[in-house]
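A.B. asks: Those protein sequence lines, which keep their order, are chains F and W. Quick note on numbering: the working numbering labels position 262 of the first sequence as 262, and the sequence is numbered without any gaps. Quick note on numbering: the working numbering labels position 216 of the second sequence as 216, and the sequence is numbered without any gaps.
FYI, nobody ran anything at the bench for these hints, they're computed from the structure. No experiment lies behind these values; they were computed from the predicted model shown. Glycine included, C-beta positions come from ideal geometry on N, C-alpha and C. Heads up, a few of these hints could be off.
One side only, chain W facing chain F, incomplete, derived with CB under 7 angstroms [stated by the list, open to error]:
id: 1; residue: 27
id: 2; residue: 31
id: 3; residue: 35
id: 4; residue: 36
id: 5; residue: 81
id: 6; residue: 153
id: 7; residue: 156
id: 8; residue: 157
id: 9; residue: 189
Here are the computed lysine to aspartate or glutamate pairs in the DMTMM-like style, where the Cα-Cα straight-line distance is at most 20 angstroms [said to hold, decoys possible]:
id: 10; chain 1: F; residue 1: 374; chain 2: F; residue 2: 274
id: 11; chain 1: F; residue 1: 136; chain 2: W; residue 2: 32
id: 12; chain 1: F; residue 1: 374; chain 2: F; residue 2: 384
id: 13; chain 1: F; residue 1: 136; chain 2: W; residue 2: 49
id: 14; chain 1: F; residue 1: 346; chain 2: F; residue 2: 394
id: 15; chain 1: F; residue 1: 221; chain 2: F; residue 2: 518
id: 16; chain 1: F; residue 1: 392; chain 2: F; residue 2: 293
id: 17; chain 1: F; residue 1: 415; chain 2: W; residue 2: 45
id: 18; chain 1: F; residue 1: 374; chain 2: F; residue 2: 306
Some chain W residues flagged as far from chain F (calculated, every beta-carbon gap over 12 angstroms) [to be verified]:
id: 19; residue: 126
id: 20; residue: 136
id: 21; residue: 144
id: 22; residue: 197
id: 23; residue: 213
id: 24; residue: 217
id: 25; residue: 229
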Amino acid sequence: MTGSGSVTTRASAPRARQRAAGALLSALTLVGVSACSVAGADPIGEGPGTLRIVLPEEPPTLEPCDASLTATGRVTRANITEALTERDPSTGRLEPALAVKWARASATSWTFTIREGVTFHDGSPFTAAAAAFSIKRATDSAIDCNVDGYIFSDSEVTATAVDDATLEVRTAEPDPILPLRLSFVEMVPTSTDPGSRVREPIGTGPYRVDEWSQGRFLRLKRYADYWGETPEFAAAKYVWRAEGSVRAAMVTNGEADVAIGLAPEDGAGDRAVEFTTNEVSYLRIDATEAPLDDIRIRRAINYAIDREGLVTAVFSGRPSGQLVSKGVTGYNPRIRPWPYDPERAKELVAQARADGVPTGTTITLIGRNGIYPKAAEAMEVVQDGLLKAGLKVEIKMLDVNAWLEYLLRPFPNGKGPTLLQAQHGNQAGDAAFTMGQIYGSEGAQSSYGTPALDAAIEKAQLASDDQRQKAFAEAFAQQNDEVVRDAVMANMTGILALSPDIRYRPDSATNDEMRLADMRRAD
Amino acid sequence: MFIMLRRRAVSSVIPLLVVVLGVFFLARLTGDPANLYLPLSATPEMRAEFAARNGFDQPLVSQFGDYVAQVARLDFGESLRTAQPAGEAALRAFPATLQLAGWTMLLAIMGAVVIGSLAAYRPNSATDRIASFLSSTAASVPDFWFAIMGVLVFAVTLGWLPTSGTNGATAWVLPVATLLIRPFGVLVQVVRGAMVSALSAPYVKVARSKGASEGRVVFGHALRNAAAPVLTVAGDLAVGLVNGAVVVETIFGWPGIGKLMIDSVLQRDFAVLQAAVLVTALVIFALNILVDICHALLDPRVRLRAAA
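Turn these sequences into a full structure, and let the hints steer you where they fit.
C.D. replies: Next comes the structure, spelled out in structure tokens:
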């Protein structure tokens with residue numbers, strides 16, 4: 001056996017070597033050819049008329065009815081598609097967009113006058129019928145539209161085209177902020193598939209989708225027949241890099257004009273532009289469990305947090321005392337951030353202990369990695385303050401989905417007393433999108449409420465105009481003085497990097513809506 | 001040879017099944033994706049509808065049965081995140097990783113053979129010491145540090161290379177260099193070790209005594225015999241690369257399978273995760289067979305053992 005085997009081997013050895021060499025050569029060729037195909041997929045050298053933007057992630061889709069999702073909305077909203085109304089983030093006022101005016105016809109019905117001369121990117125005219133179709137598609141379809149859950153929740157809306165220029169929208173319950181809600185419903189033509197998500201939508205916006213090479217880039221081109229002012233750049237090219245320091249380096253290296261979602265340590269240097277966002281960081285206090293069910297402990301937690309220290313040394317922002325930022329209906333300018341007073345915190349804990357409150361019970365501080373820059377360090381600063389006040393605190397850092405189990409009802413069984421690291425951004429501009437779900441007894445993100453606060457929220461939700469502002473501001477004050485269900489920390493600052501050739505002023509809405517038309521060449 | 005391949009194929013099917021089962025059930029232990037995909041204010045009815053639409057309301061075993069039936073029809077389901085077919089997403093991302101891994105392994109093996117052989121030719125010489133020092137450094141450099149420093153030095157400071165992306169040939173330099181450094185370091189050491197023992201073997205003395213040239217002695221006789229351990233280690237390293245060069249793909253924005261897998265775990269995008277893992281497992285399976293074939297071509301004893 002062995003002998004014949006070795007004979008075979010000798011005879012076939014040179015052939016085997018030839019074969020191996022051949023295989024190697026073909027592998028080389030294959031790798032080489034395919035390398036060219038990857039390199040060639042991304043055209044080199046966009047002209048000077050193209051604005052280059054680097055995002056932290058690729059948009060999952062550009063579906064207009066998911067425009068309340070940050071990753072989708074910042075590309076789609078006001079660039080590709082538009083809504084009937086739009087909110088000015090600096091004044092908080094609602095401005096006309098695809099509707100020129102609107103009026104409340106009765107408690108449960110509104111009439112909108114549609115802008116004339118507007119066309120979709122496919123050339124078809126924008127009419128009241130398209131508006132009615134878009135509202136129905138976003139609020140009553142099988143695609144789990146994010147806008148539906150975020151803006152309308154379980155309220156029912158019926159839109160009807162009276163004629164080409166008039167749209168009537170009815171709601172089951174009186175809704176004083178319906179026009180604001182509709183600023184989130186992007187208009188699409190009736191040819192859009194009502195039963196599934198579209199990746200590349202047709203809209204009325206100043207830019208249309210030109211090419212989306214998945215995983216690599218997305219290019220938009222200026223829409224020649226846009227109804228409004230022509231934007232300066234003929235095209236915009238989006239790319240995405242997960243690493244913040246690489247995004248910043250792309251702008252300093254001249255590979256991109258705008259990079260968003262940066263942290264102070266990403267090294268954007270003098271290209272960095274800071275702006276106040278609508279995000280507010282806070283700790284939710286689970287007031288149903290001892291010792292957190294005692295208001296003195298909840299106040300002590302607020303006094304024990306060094307907010308100035310956090311915004312100076314850990315993340316960037318401005319200390320804040322309420323969950324909404326200036327410009328949102330319901331913002332209460334009289335609520336100040338809680339002062340840092342470790343002595344007062346200690347006293348309050350000692351008083352509670354003397355009254356038999358079990359202050360030695362371990363409180364779990366549940367954090368979420370990456371919720372904002374240096375999230376874990378922030379929780380260590382908070383823990384340190386609480387330990388010094390005389391409380392027993394352990395930190396548990398989780399990933400998003402595990403953390404969501406604690407954020408949303410129903411909460412995990414036997415979780416014990418918890419403090420939850422959270423952040424809230426009211427991008428809609430009305431406290432109704434904050435109060436009910438976060439402070440209402442039955443709210444999706446609420447672990448505690450009081451009947452008095454519920455009544456105050458209910459009253460504010462039905463009010464309009466100045467009454468509404470006043471009622472929500474009072475509800476915030478009530479929560480801050482009498483309920484103390486959370487420890488609000490800071491109104492967070494965002495950072496983007498901007499090429500010196502570009503002029504752009506970011507505002508509190510920039511994270512959710514980045515208008516290409518607002519970006520211009522520096523003179 | 002065919003007997004060996006058949007045995008190898010049969011023994012690889014079991015790990016493949018374990019991987020598919022494990023990924024399916026472990027992914028579902030990590031929580032309900034409805035929380036991630038629905039707005040925070042979604043009502044319980046919306047959550048129930050979401051679960052029903054995606055089949056998450058069914059018992060796990062029946063979900064698995066549906067999945068297996070789908071895969072048998074080459075349907076990998078739809079991505080929760082992008083609403084696109086999951087199989088397409090995996091197949092689109094995989095070539096980018098494969099090309100990166102292909103170039104990296106090719107350059108690492110070629111470089112390691114030359115430098116490792118030079119080092120082994122005169123053990124303890126200056127060349128050997130420098131090669132050993134550099135290769136052990138290379139094998140221990142953390143790749144994320146190397147990548148970020150590469151961007152800082154070669155893109156930002158010197159401006160020679162782009163920071164990231166897939167745009168043009170220069171964009172390949174930093175990702176390949178980052179991926180290359182560790183396998184290169186490891187392989188130089190393996191080649192050196194194997195060559196040192198091969199060069200001191202009796203057949204080398206015989207070859208030299210017959211008057212064979214040094215080139216023929218080193219590359220024709222010693223290297224051929226030293227190739228088997230190098231191939232084994234290189235195969236392992238290649239499997240690691242094909243598994244997804246997550247750090248490189250994340251930092252350089254390379255649209256590969258590693259980033260896709262990590263993102264789908266974080267996003268609880270089960271269909272894409274399953275498709276990506278299955279595609280990768282199949283390629284690793286093929287790669288292992290390829291390594292076995294190469295072994296058999298290099299070493300007749302492997303073929304004989306298999307045939308016996």
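A.B. asks: If you draw a straight line from the CA of residue 136 of chain F to the CA of residue 49 of chain W, is it 20 angstroms or shorter?
C.D. replies: holds, 18 angstroms
A.B. asks: Would the hint on residue 157 of chain W be counted as holding, given a Cβ-Cβ threshold of 7 angstroms to chain F?
C.D. replies: Residue 157 of chain W check fails; min Cβ-Cβ to chain F is 10 angstroms, beyond 7 angstroms.
A.B. asks: Examine each Cβ of chain F, and state whether all of them lie more than 12 angstroms from the Cβ of residue 136 of chain W.
C.D. replies: Per Cβ check, residue 136 of chain W is outside 12 angstroms of chain F; nearest 28 angstroms; holds.
A.B. asks: For residue 415 of chain F and residue 45 of chain W, compute the direct alpha-carbon distance and say whether it is at most 20 angstroms.
C.D. replies: violated, 25 angstroms
A.B. asks: So is residue 213 of chain W really clear of chain F, every C-beta pair being over 12 angstroms apart?
C.D. replies: Its Cβ never comes within 12 angstroms of chain F, the nearest being 18 angstroms, so this holds.
A.B. asks: Going by Cβ atoms only, is residue 36 of chain W closer than 7 angstroms to chain F?
C.D. replies: holds, 6 angstroms
A.B. asks: For the pair we were handed, residue 346 of chain F and residue 394 of chain F, check the Cα-Cα distance against 20 angstroms.
C.D. replies: holds, 18 angstroms
A.B. asks: Minimum Cβ distance from residue 153 of chain W to chain F below 7 angstroms?
C.D. replies: With Cβ-Cβ at 11 angstroms, over 7 angstroms, it is violated.
A.B. asks: Against chain F, does residue 229 of chain W hold up as non-interface, every C-beta pair farther apart than 12 angstroms?
C.D. replies: holds, 17 angstroms
A.B. asks: Check the hint pairing residue 374 of chain F with residue 384 of chain F against an upper bound of 20 angstroms on the C-alpha distance.
C.D. replies: holds, 16 angstroms
A.B. asks: Does the claim that residue 217 of chain W lies off the interface hold, with its Cβ farther than 12 angstroms from every Cβ of chain F?
C.D. replies: holds, 17 angstroms
A.B. asks: What's the verdict on residue 374 of chain F and residue 306 of chain F, does the C-alpha distance respect the 20 angstroms limit or exceed it?
C.D. replies: holds, 16 angstroms
In terms of the numbered hints stated before, the structure departs from hints 1, 6, 8, 9, 11, 17 and 21, listed from lowest to highest.
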